[in-house]
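Colleague: Here are the chains, one letter per residue:
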Amino acid sequence: GENVEQHPSTLSVQEGDSAVIKCTYSDSASNYFPWYKQELGKGPQLIIDIRSNVGEKKDQRIAVTLNKTAKHFSLHITETQPEDSAVYFCAARTGFQKLVFGTGTRLLVSP
Amino acid sequence: ETGVTQSPTHLIKTRGQQVTLRCSSQSGHNTVSWYQQALGQGPQFIFQYYREEENGRGNFPPRFSGLQFPNYSSELNVNALELDDSALYLCASSFSGLNTEAFFGQGTRLTVV
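As given, the protein sequences belong to chains R and G, one line each in that order. Under our numbering, the first residue of the first sequence is numbered 683, with each subsequent residue one higher. Under our numbering, the first residue of the second sequence is numbered -6, with each subsequent residue one higher.
Fair warning: there could be bad hints in the mix.
[As the list claims (entries may be wrong)] Here are some chain G residues pointing at chain R (derived, C-beta under 7 Å):
1) Phe38
2) Glu46
3) Gly49
4) Phe97
5) Gly98
6) Gly100
Hints were generated in silico from the structure; no laboratory data involved. By construction, the Cβ of each residue, glycine as well, lies at the ideal position given by its N, Cα and C atoms.
Sequences are here, hints too, so could you generate the full structure?
Modeller: Here is the structure:
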């Protein structure tokens, strides 16, 4: 079955810096890759996603890139703000099947 | 804010008891999935319901069961609770179709003592 690895587990940046979180997946049939932000005591919030027919997608300060050949995808956050501090999860899905999540990255943005 | 609501938000149960968790899906969504999130871990897929039938299951024992109702809301039932069942239980709703977005509720924090 699908396996998703995520790095780093923790990431500390200064406000205004960029943050990059990387994930790799094992199932070459996976074709949908969402990213979720989870704040303390809340459920995961979908922040951006990418499908396998697209190499890059951007939404304001957030972008995601996908390399199907290498089976990895990354989340890029520019001009980080303290409110970006949270745990971020990548996930992969094959067709109609379940989402398989990475282990999460705790992002801390210091003022 | 998503339209997915879960109840209750917190509960405490004793080992061996049974528990029912509830989820109302977002308007227009006909598919509900349940996930278990242990502390410090990513969510793990339990099962998915579509048209009131289970159509996918993760690596969870049969004492984890569910229902989906005609209005697409759903229940997760766990029998014979064990201490390791303590976790955040998340419900996600989506519209059936290839690569559609899944939106999560705020979760139910279950503590088994």
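Colleague: Each hint should be assessed against the structure and marked as holding or not.
Modeller: For each hint, the structure was consulted:
1. Phe38: holds (4 Å)
2. Glu46: violated (13 Å)
3. Gly49: holds (6 Å)
4. Phe97: At 4 Å from the nearest chain R Cβ, G:Phe97 passes the 7 Å test, so the hint holds.
5. Gly98: holds (5 Å)
6. Gly100: Since the shortest Cβ distance to chain R is 5 Å, the answer is holds.
Consistency with the previously given hints fails for number 2 only.
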